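Undergrad: Sequence:
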Amino acid sequence: MTTSATTPALHFFDDLAATLHGTPPLPVGIIYPCSAVSLRAACELLRRRLAQPVLIGPAARIREIAQEEALDITPCRIVEAIDDAQAAQRGVRMARDGEVAVLMKGALHSRVYLHEIGHHEGGLRTDRWMSHVYVLDLPGVGRPLLVSDGAVNIAPDLDVRRDIVRNAIDLAHMLGIACPRVALLSAVETVNPGLQSTLDAAIICKMADRGQITGGIVDGPLAFDNALSPEAARCKGVHSPIGGQADILIVPDLEAGNILAKQMTFLGGAQAAGIVLGARVPVILTSRADSLSTRVLSCMVAISMIRNGYRIAGPGVDAA
135 MTTSATTPAL HFFDDLAATL HGTPPLPVGI IYPCSAVSLR AACELLRRRL AQPVLIGPAA
195 RIREIAQEEA LDITPCRIVE AIDDAQAAQR GVRMARDGEV AVLMKGALHS RVYLHEIGHH
255 EGGLRTDRWM SHVYVLDLPG VGRPLLVSDG AVNIAPDLDV RRDIVRNAID LAHMLGIACP
315 RVALLSAVET VNPGLQSTLD AAIICKMADR GQITGGIVDG PLAFDNALSP EAARCKGVHS
375 PIGGQADILI VPDLEAGNIL AKQMTFLGGA QAAGIVLGAR VPVILTSRAD SLSTRVLSCM
435 VAISMIRNGY RIAGPGVDAA
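For the sequence shown, our numbering gives the first residue as 135, with consecutive numbering after it.
Possibly wrong hints are sitting among the right ones.
[Stated by the list, open to error] Cβ pair distances, simulated, as ranges:
no., residue 1, residue 2, range
1, ARG195, GLU365, 49 to 55 angstroms
2, PHE400, ASP148, 20 to 26 angstroms
3, GLN220, LEU292, 35 to 41 angstroms
4, ARG368, SER244, 37 to 43 angstroms
[Unchecked claim] Below 20 angstroms or equal to it, Euclidean Cα-Cα: the simulated SDA-like pairs (lysine to any residue) are:
no., residue 1, residue 2
5, LYS340, LEU292
6, LYS340, VAL325
7, LYS340, SER374
8, LYS396, SER421
9, LYS370, ASN326
10, LYS396, ARG422
11, LYS396, ASN287
12, LYS340, LEU329
13, LYS396, LEU144
14, LYS340, THR324
15, LYS396, SER425
Simulated from the structure, these hints should not be mistaken for laboratory data.
This structure is a prediction, so every number in the text was calculated from the model and none was measured.
Using N, Cα and C, we set each Cβ at its ideal position, and we do this for glycine too.
Whenever a hint applies, use it, and build me the whole structure from the sequences.
TA: Here is the structure:
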C-alpha cells in the first residue's frame with residue numbers, strides 16, 4: 135500500500151513489535167491448531183521470538199498438517215486432545231493453572247472456544263463481563279482505533295455495555311493511550327427516545343460523570359462521522375470533548391461492530407488484531423478466515439497486555 139506525503143502511514147503495530155523486541159517469549163496456548171494458517175502462526179511466533187507456542191489438539195493431525203505444509207513445529211510442545219471441545223477444555227485448564235499466559239483460537243468455532251472460557255465453574259470468568267476489542271491501524275488516521283464489541287456480546291444491556299467501555303479503556307491504557315477518547319456510537323448525535331442506543335449512550339455518559347467509569351473521556355451519542363472527523367463535528371455543530379478524535383468506538387451491538395471492523399479491514403486496508411478482555415488471561419479471538427498477519431498481531435497485543443500489567447477484575451467471580 136502506498137501512502138502520500140499527507141497521509142499517515144501504518145506504524146502502530148511496527149512500534150508495538152519494537153517495544154516487545156528482546157523480551158522473553160511467553161507460553162501461548164493455541165487451541166485446536168488444525169489448519170495450515172494456525173500452524174504457520176505458531177511458526178511465525180517462534181521465528182519472531184514473541185511466544186513459545188503450545189499446540190493443544192490431536193497430535194497426529196497436527197503433525198500431518200505440519201508435514202503437508204513443510205512446517206517445522208518440533209520446538210512446539212503438543213498437548214493431546216481428541217477434538218475441539220476437549221482442546222478448549224484443556225487449554226482453559228492450563229491457563230487457570232498458569233501453564234500458558236495467553237490463549238489463542240485455532241481452527242475451531244468461536245462458540246466452542248468461548249463456551250469453555252466463559253464456563254461458570256471451570257472457565258476463566260472474573261467479575262467483569264468479557265468483551266471483544268478490534269485493534270485497528272487504519273490508513274489516514276494516524277493513531278490506533280479500538281472498536282468494541284463486535285464478537286462476544288450480541289445485544290448488550292447497560293451492565294454489559296458499562297464493562298465493554300471499561301475493558302476497552304483498560305486495553306487502551308495497556309497500549310500506551312493515557313486518556314482515551316471514547317465515542318458511544320449511534321446513527322445520530324442527539325438523544326432520541328425512539329432510538330435505544332442514544333438512551334444507553336446518555337446513561338453511560340452519566341455513569342462516567344459519576345465516577346462509575348474512569349480512565350478516559352466518554353461522550354455520546356455520536357454518529358460515526360463526528361466521532362472521527364473534526365470537520366464533520368464542526369459542520370453539524372456538535373460540541374463534544376471527543377472533538378472528532380475518538381480513540382475508542384463503542385458500537386450499539388455485535389452486528390454493527392463486526393460489520394464496521396471488517397469494513398475497515400477488507401475495504402479500508404486496516405491492519406487488525408482481535409482480543410477478548412475480562413478473563414483471567416488475555417484471550418485471542420480471530421475469525422477462522424483471518425490472515426496470518428492478524429493472528430500474529432493479535433498475539434502481539436496479548437503479550438503487550440501482560441508486559442504492561444494486565445490485571446483481571448476479580449479471582450474467578452461469576453460476571454453474570
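Undergrad: So, for every hint listed, does it hold in this structure?
TA: The hints, checked one at a time:
no., hint, in the structure
1, ARG195 - GLU365: 49 to 55 angstroms, "54 angstroms, holds"
2, PHE400 - ASP148: 20 to 26 angstroms, "21 angstroms, holds"
3, GLN220 - LEU292: 35 to 41 angstroms, "37 angstroms, holds"
4, ARG368 - SER244: 37 to 43 angstroms, "40 angstroms, holds"
5, LYS340 - LEU292, "12 angstroms, holds"
6, LYS340 - VAL325, "13 angstroms, holds"
7, LYS340 - SER374, "14 angstroms, holds"
8, LYS396 - SER421, "11 angstroms, holds"
9, LYS370 - ASN326, "17 angstroms, holds"
10, LYS396 - ARG422, "14 angstroms, holds"
11, LYS396 - ASN287, "17 angstroms, holds"
12, LYS340 - LEU329, "18 angstroms, holds"
13, LYS396 - LEU144, "17 angstroms, holds"
14, LYS340 - THR324, "15 angstroms, holds"
15, LYS396 - SER425, "13 angstroms, holds"
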